[in-house]
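**Student:** Residue numbers (the numbering used here), protein chains in the order written: chain D, 1 to 218; chain X, 1001 to 1253.
Bear in mind the hints are in silico, worked out from the structure with no lab data behind them. Bear in mind the structure is a predicted one, so any value in this text is a computation, not a measurement. Check before you lean on any hint, since a few could be wrong.
With a cut-off of at most 30 Å between alpha-carbon atoms, the simulated DSBU-like pairs for lysine-lysine come out as follows [claimed, not checked]: (1) X:Lys-1116 - D:Lys-142; (2) X:Lys-1074 - D:Lys-42; (3) X:Lys-1116 - D:Lys-218; (4) X:Lys-1002 - X:Lys-1020; (5) D:Lys-128 - X:Lys-1079; (6) X:Lys-1082 - D:Lys-39; (7) X:Lys-1242 - D:Lys-128; (8) X:Lys-1082 - X:Lys-1132; (9) X:Lys-1082 - X:Lys-1242; (10) X:Lys-1105 - D:Lys-218; (11) X:Lys-1131 - X:Lys-1028; (12) D:Lys-218 - X:Lys-1127; (13) X:Lys-1010 - D:Lys-128; (14) X:Lys-1105 - D:Lys-212; (15) X:Lys-1010 - D:Lys-134; (16) D:Lys-208 - X:Lys-1010; (17) D:Lys-157 - D:Lys-212; (18) D:Lys-128 - X:Lys-1119; (19) X:Lys-1131 - D:Lys-44; (20) X:Lys-1105 - D:Lys-142; (21) D:Lys-128 - X:Lys-1007; (22) X:Lys-1186 - X:Lys-1132; (23) X:Lys-1028 - X:Lys-1082; (24) D:Lys-42 - D:Lys-134; (25) D:Lys-134 - X:Lys-1195; (26) X:Lys-1186 - D:Lys-128; (27) X:Lys-1074 - X:Lys-1131; (28) X:Lys-1127 - D:Lys-128; (29) D:Lys-44 - D:Lys-128; (30) X:Lys-1119 - D:Lys-218; (31) X:Lys-1119 - D:Lys-134; (32) D:Lys-128 - X:Lys-1074; (33) D:Lys-134 - X:Lys-1082; (34) X:Lys-1082 - D:Lys-44; (35) X:Lys-1127 - X:Lys-1195; (36) X:Lys-1120 - X:Lys-1028; (37) X:Lys-1131 - D:Lys-134; (38) X:Lys-1010 - X:Lys-1083; (39) X:Lys-1010 - X:Lys-1186.
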Amino acid sequence: MTIQVMLTELSKSFLVTLEIFFLTILGSMPLGLAVYFFKTSKFKPLKWITDVYISVMRGTPLILQLMVVYYGPNLIFGITPPSNWRFGAVIVAFIINYAAYFAEIYRGGIESIPTGQYEAAYVLGYTKVQTFFKIILPQMVKRVLPAVTNEIITLVKDTSLACIIGTVEMFTKAKQIAVAPHSPGMLTFVAAAVFYYVFNYLVAFIMKRTEKALNYYK
Amino acid sequence: MKVLEMKNIKKSFADNSVLKDISLCVEKGEVVSIIGSSGSGKSTLLRCATFLEEIDSGSISYMGEYAVNSDGGKPVYSKNLKKFKNEFGLVFQNFNLFAHYSVMKNIIDAPLCVQKREKKEVIAQAKELLKKMGLEDKENSYPCQLSGGQQQRVSIVRALAMNPEILFFDEPTSALDPELTGEVLKVIKQLAEEKMTMVIVTHEMEFARQVSDRVIFMDEGIIAEEGTPREVFDNPKSARIKQFLSNYKNDSM
Ligand SMILES: Nc1ncnc2c1ncn2[C@@H]1O[C@H](COP(=O)(O)OP(=O)(O)O)[C@@H](O)[C@H]1O
Ligand SMILES: [Mg+2]
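Work out the full structure, taking the sequences as your base and the hints as a guide.
**Tutor:** Right, here's the structure in full:
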């Protein structure tokens, strides 16, 4: 296998990595907000369930959660999931795992906003929904950006965990190529590392830019 | 016309009885100052009037209409508190401007999004008010770029832009350096001259004397003394208020 073929193969599998990454972001960031609402709900059972969910998600390895989501339907309910369930399970597991982390980050951000902001909005007659989306959320976003950046960078690397249930994302592909006969061997891992690194560099760059753009107020 | 009428207000936090049967009536165009030591319940009274705290018993009405009716002492809040919030504005000790909004947006957002008023009209009013407050060059600034005195003047404009019948101030100058206090007091005086109805909690005794039609001295959750500035400041009756005022004798009075 030539280096060029190796790179082409890696690029293709990198698309799977990207797919996991973007779908997870798209799903977990809004879900995290919903989880935050559940956690702060006045309806206690919902709050308790959410507390348990968050603590399990944060207290057990993601790799184990991946296996539970993938094999669970069969092991628990005896259902044979559709053939594309492998990828579905990856996305579901990643989203529910990351949503728990995002919910906690959001909570930290929201709780750091002075109560005076709520009181001013209340007296001016804003509804609760207006207060949250117009006054609180935008200020929360600015406050949580550094923590969210950390989480996103971790996610880029975490995508490699999908290999445990046989998803061929870039890490799995690199492993397959590297151990195959007549492959570029070690160079394959180096190339994979470069892919991850460059992507993370880009992510960090964009997030820094966003932080700067929000620096017009304190 | 009674703009505000609070009757037999009681409010406790756990077993700490903070307001013990307070009644307060404010006529249109009247300026009422509330003085008293820290912890006497002044802020709580304003917070009850503005629904930030729920009262335990009593009634509150604005413009002769019950916002909180008393059902045998038990308070019943109106289903439409929003309507009553149009009647008053509250100026906080620490401004509480929206940090992510420019000065202009801070002022016009609630008139637009809450009162659903015409944008052109609201902006024109905002500009006029800013000019009156000497802030015409600040409409595009953010709160963090302003001095405390400027922020407080913006927050007064924000409250005025809602066209309230009555303005409440909770120690509007207490978070300010002494040299910035004057510019805010000047603005409030100007409003008093224009016959804006106001209730002002303050520790600025000289200011209270000049600006008020009536002064209320609160002590441990009751109105301990009440009268014209002359009556309260020059002929205080109780020992408590004499003692309280003596703390201020040395500086401003
Ligand atoms: N949210 C609250 N929870 C518990 N106690 C409170 C709360 N707000 C005020 N208090 C208590 O009520 C009393 C009066 O407070 P406050 O109205 O702020 O007084 P003032 O404004 O005159 O200094 C104080 O003893 C204070 O500790
Ligand atoms: Mg106070």
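**Student:** Assess, step by step, whether the Cα of Lys-1028 (chain X) is no farther than 30 Å from the Cα of Lys-1082 (chain X), and give holds or violated.
**Tutor:** holds, 21 Å
**Student:** Does Lys-134 (chain D) lie within 30 Å of Lys-1131 (chain X) when you go C-alpha to C-alpha?
**Tutor:** holds, 27 Å
**Student:** For a C-alpha distance cap of 30 Å, please report whether Lys-128 (chain D) and Lys-1007 (chain X) respect it.
**Tutor:** holds, 29 Å
**Student:** Regarding the pair Lys-134 (chain D) and Lys-1082 (chain X), is the alpha-carbon distance no greater than 30 Å?
**Tutor:** holds, 18 Å
**Student:** Does Lys-1120 (chain X) pair with Lys-1028 (chain X) here, judged by a C-alpha cut-off of 30 Å?
**Tutor:** holds, 29 Å
**Student:** Between the alpha carbons of Lys-1010 (chain X) and Lys-128 (chain D), is the straight-line distance 30 Å or under?
**Tutor:** holds, 27 Å
**Student:** Take the C-alpha atoms of Lys-1082 (chain X) and Lys-1242 (chain X), compute the straight-line distance between them, and say whether it is at most 30 Å.
**Tutor:** At roughly 41 Å apart (the allowed maximum being 30 Å), Lys-1242 (chain X) and Lys-1082 (chain X) break the hint.
**Student:** Keeping to a limit of 30 Å between CA atoms, is the pair of Lys-1131 (chain X) and Lys-44 (chain D) held or broken?
**Tutor:** violated, 50 Å
**Student:** Holds or violated: Lys-1116 (chain X) with Lys-142 (chain D), Cα cutoff 30 Å?
**Tutor:** holds, 28 Å
**Student:** Do the alpha carbons of Lys-208 (chain D) and Lys-1010 (chain X) lie within 30 Å of each other, as the hint requires?
**Tutor:** violated, 52 Å
**Student:** With a cut-off of 30 Å on the C-alpha distance, tell me whether Lys-1127 (chain X) and Lys-1195 (chain X) pass.
**Tutor:** holds, 21 Å
**Student:** Is the Cα-Cα distance between Lys-128 (chain D) and Lys-1079 (chain X) 30 Å or less?
**Tutor:** Judged against 30 Å, a Cα distance of about 15 Å means the pair holds.
Hints 7, 9, 15, 16, 19, 25, 26, 27 and 39 from the list above are not met by this structure, while the remaining hints are.
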